[in-house]
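Put chain L on the given structure of chain G with help from the hints.
In case you want the letters, here they are:
There are 2 protein chains.
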Amino acid sequence: MSTITREQLLHQLQWRYATKQFDPARKISAPDWSALEEALVLTASSFGLQPWKFVVVTDPAQREKLVPVSWGQRQVADASHLVVFALKKNFSEADVKAYVDRIASVRSIPADSLAPYNDMMIGSLFKGRDAAARKIWAINQIYIALGNFLTSTAVLGIDSCPMEGIDPVKYDEILGLDALGLATVVVGVAGYRAATDKYAALKKVRFEHKDVIVTL
Amino acid sequence: MSTITREQLLHQLQWRYATKQFDPARKISAPDWSALEEALVLTASSFGLQPWKFVVVTDPAQREKLVPVSWGQRQVADASHLVVFALKKNFSEADVKAYVDRIASVRSIPADSLAPYNDMMIGSLFKGRDAAARKIWAINQIYIALGNFLTSTAVLGIDSCPMEGIDPVKYDEILGLDALGLATVVVGVAGYRAATDKYAALKKVRFEHKDVIVTL
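Top to bottom, those sequences are chains G and L. Residues in the first sequence are numbered consecutively from 1, following this note's numbering. Residues in the second sequence are numbered consecutively from 1, following this note's numbering.
If you're looking for bench data, these hints aren't it; they were derived computationally from the structure. Accuracy of the hints is not assured; some may be wrong.
The list makes no distinction among identical chains, and a pair is therefore deemed to hold if it is satisfied within one copy or across any two copies.
[What the hints assert, rightly or not] Derived pair list, reagent style BS3-like, types lysine-lysine, alpha-carbon separation capped at 27 angstroms:
no., residue 1, residue 2
1, Lys88, Lys135
2, Lys65, Lys198
3, Lys198, Lys20
4, Lys127, Lys20
Everything numeric in this text was worked out from a predicted model, so none of it was measured.
Chain G on its own, in the form it takes in the complex (with noise of 0.2 angstroms):
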């Protein structure tokens, strides 16, 4: 039996806060961040496409650099992990073919035999939108998993914080996202919380449920 009970998720996702101070001692194990790179990796896409790289900066001078240009937030640097939620730039039709390319392999199916379905991709990504809608989409699908990466580090008892105020063109510039034909969209660093974060004490603030759930 592997799924959990609401109970058990709903508490999990009640426990998770954006943390603010991370304990820098503390470090995920290895086999934790193996399946949290593994969630990522299964997060869903439109079409499957996957028009991301998720960037993991384990080099502490790095992390250290990208602390200026995180609006001064310790959590880039101190957090045991980092990751760095980047889009492909010029994402073309050779990524498409790239796609097909690698469902014809683990499918053990003939590429040609997927070629309506490539079309059919193409067409809406290419021929129905323009380089800057599928920026767009690129980012939505890019914000998929950030809410994979929220919602699995939570149930595994791991906390997180989601990261967009950073100056995404510092971090190409430190990180040399660019020439990996990379840009970054949003940042996700996760780890545990720091004893003295006073934020993992206040009461998590939403919406009163009337006010989010239109049921027709």
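What follows is chain L alone, placed relative to chain G:
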């Protein structure tokens, strides 16, 4: 102990897939659905501002009307539950104030003490961005909710399908969302896979770990 093991998490994320055929006879139990609504309410968002509503469409006649404006995809009518992830149109400084008031109420502190936080949010969202940029910001947050929804359903053992292939303008018309100050962004359906869904047996396709995870 309410956390899940990494094996459970990965098993459930492997188990989930974009369900194409739902069993129309199998409904999500009321307590399970309540938990999923609560999971949605608990979704993280930028500053905690929750620029969304989740519209649960229960009327079968309305759901049937949504099928033709969803490229004929029957999930919209056949799945146990359908949620329209909608943004608050004309998101304004009043929405920020409502949130600040909510923080004050939940945490029993004077709203005045949150003036610096209020000003920071106003600066970022209203001085730093125009309406188009705010809309993109709101949509990004909504995709966090979609990611949370997909992972939350998966760990509960409930099938789901994210649906971008819909006509959002027609959704707004059919559901009367405009009058509620809402606009459709994306749809999520949930329920239980039909025994006849041939997609259930297909191998999940993701790029290889080395092509998705970059370690620096």
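Evaluated hints:
no.	hint	in the structure
1	Lys88 / Lys135	both (9 angstroms within a copy, 22 angstroms between copies)
2	Lys65 / Lys198	within (25 angstroms within a copy, 49 angstroms between copies)
3	Lys198 / Lys20	within (9 angstroms within a copy, 45 angstroms between copies)
4	Lys127 / Lys20	between (43 angstroms within a copy, 25 angstroms between copies)
Violated hints for the displayed structure: none, as all numbered hints are satisfied.
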